[in-house]
Structures are given as structure tokens and as C-alpha cells.
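Please work from the sequences and hints to get the whole structure.
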Amino acid sequence: MKNAIRISCSRANLKTVRDFVSDYLAVYHLSELHVNQIVLAVDEVVANLIIHANAENETQFLQLKLAMEDHMFGIEIEDDSKESYQPSSFREPDLLEHIRLGKKGGVGMALVNRIMDRVEFSSSGNHNVCRLYKKVI
Amino acid sequence: MKITQQTTAHTLTLSLDGELDASSSVILDTELTKSEVLNHQKVLIDCQRLNYISSAGLGVFISHLQRFQDANVKLVFFNMQEKVHNVFEILGLDTLMTIVPSESEATAI
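Protein chains in written order, with the working numbering: chain V, 2 to 138; chain G, 333 to 441.
These are calculated hints, taken from the structure and not from any lab test.
Take these hints with a grain of salt, some might be off.
[Unchecked claim] Some chain G residues well away from chain V (every beta-carbon gap over 12 Å; in silico):
hint, residue
1, T336
2, S367
3, Q373
4, E435
[What the hints assert, rightly or not] Some, not all, of what chain G presents toward chain V, calculated at C-beta under 10 Å:
hint, residue
5, H396
6, K415
7, N418
8, G424
No experiment lies behind these values; they were computed from the predicted model shown.
We treat Cβ as the ideally placed atom computed from N, Cα and C, and that holds for glycine.
Next up, the structure:
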């Protein structure tokens, strides 16, 4: 079972990432709903890294590594962008305000935080690591 | 993402086929941005073949909702798969948007 993948920073690779995560989870016989939630959380973080942190620069790469230990799913996503996400900047979205202003973005990390049990971001120089964990039955 | 359109007297139905993510959602945004969309009383979104939606897809609907409301155009979703509906629920969007089980219910609104 493949548990690591390296992709260039292109939106076209989001589908590759989703398939990679759902293929990895297939052997654990989780419900379709739970698989979709985990795939979604990973997709959101990877999309942010591709579009915002790496400005869709296809010469930049993301490294993804998956693990399942004691019913705990974990993923590690590494990149080398100068722009690192600061979790302290997160604000719960006010959806009525988003609708009123016609905002397109700003709800992805809310999905990630609500789906996953643990969300961690760390940086050392230009090297950034995001780790997501979720207990699965 | 493939979008099929069907128009009747007062209703535009968009059938979504595929996955709405940060890559494909621009296609939907282009369709909803067209000014003639607001000529209809209702825009129905058939989600039967919508297999996946991320925040980018949700963002497209969020960004057009006020414009639709201002133009008195109803936006109604139907035939939504449970896993897609769950994403609306996680954010609380299911209470802010009109989602019904079937096409007949969508038409009746």
C-alpha cells in the first residue's frame, strides 16, 4: 500500500491527492462519509499550500505521508515555501457576513478544524510541516 | 466537472457531474456569473452526479447567494448525495441554503 506521494504545486494535482488518500483508506472499511471527510480535510490543506503558500509554482513540491496507528489516521504534509500558515490567524467564519459580502474563500480551514481531531502546523526556516490526525473506528 | 443546462419558462436547471474542487469550481463560477442566469425565477442545482465538493465549490455558491436574493431568484439544490450534504452540514450551510430531496420538491418551491 502506497503511503507517500510527492506532487508539484498545481491545482490539477488535487484529484491525485484525493485518490491517494481514499485509496490508502480503502482497506480500513470506513464509512463513505468518514472517508470523504478525511479526504476533504487533506484537500483543503493541500489546496491552501498549492494556491496561497506556493502561488501555484509548479517547480515547488509537496510531500505527503500517511499512517494509521491504533485507529488513529495521520497525515504529514511538507513544503518549502516562505509563506507559512499561522494557526493563530484563524477566525471562525461568519457565514452570513460571507454571503452578504459575496466572499468566495475563507471557510476551508474551518472545515479542517471541525473534521480533524488534531491540526498542527510547524516551521523551521522555509521548511513547513502540517500534521492532521483523526481517530477512526 | 461537467455542467448540463436545461431551461424552462421560469427555471434554469444546472446538473453537476463530477467533483467541485479548487481546480474545477471556476467552471461553475463562470456559469453562475452569466447575467442571463438572473432572468429566471429559480435556479435548480441537480446534485445527483456531484460526487465531491470542497470549500472552493461551496464558496462559489456562497458568493452568488446574495446576488440571487437581490434579484429575487431562488437557488435550490436537490438530489444531493449524503456525503456532499454532510459537507454543507459541517459548515452550517444546510440551514442557510435551500436543499430538498427531489426534483419534484425543488420544482414545487
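Results of checking the hints against the structure:
The Cβ of G/T336 sits about 21 Å from the closest Cβ of chain V, beyond the 12 Å cut-off, so the non-interface label holds. With a closest Cβ-Cβ approach of about 15 Å to chain V, G/S367 is found to remain outside the 12 Å limit, as its non-interface label requires. The beta carbon of G/Q373 is kept farther than 12 Å from every beta carbon of chain V, the shortest such distance being approximately 20 Å. No Cβ of chain V comes within 12 Å of the Cβ of G/E435; the nearest lies about 23 Å off, and the non-interface call holds.
With 10 Å as the threshold, the beta carbon of G/H396 comes within range of chain V, its nearest partner Cβ sitting at about 7 Å, so the hint holds. The closest approach between the C-beta of G/K415 and any C-beta of chain V is roughly 4 Å, which is under the 10 Å cut-off, so the hint is satisfied. Taking 10 Å as the C-beta contact cut-off toward chain V, the hint placing G/N418 at the interface holds, the least distance being around 6 Å. Using the Cβ-Cβ criterion of 10 Å, the hint placing G/G424 at the interface with chain V is satisfied: the shortest such distance is roughly 6 Å.
The structure is consistent with each of the numbered hints, conforming to all of them.
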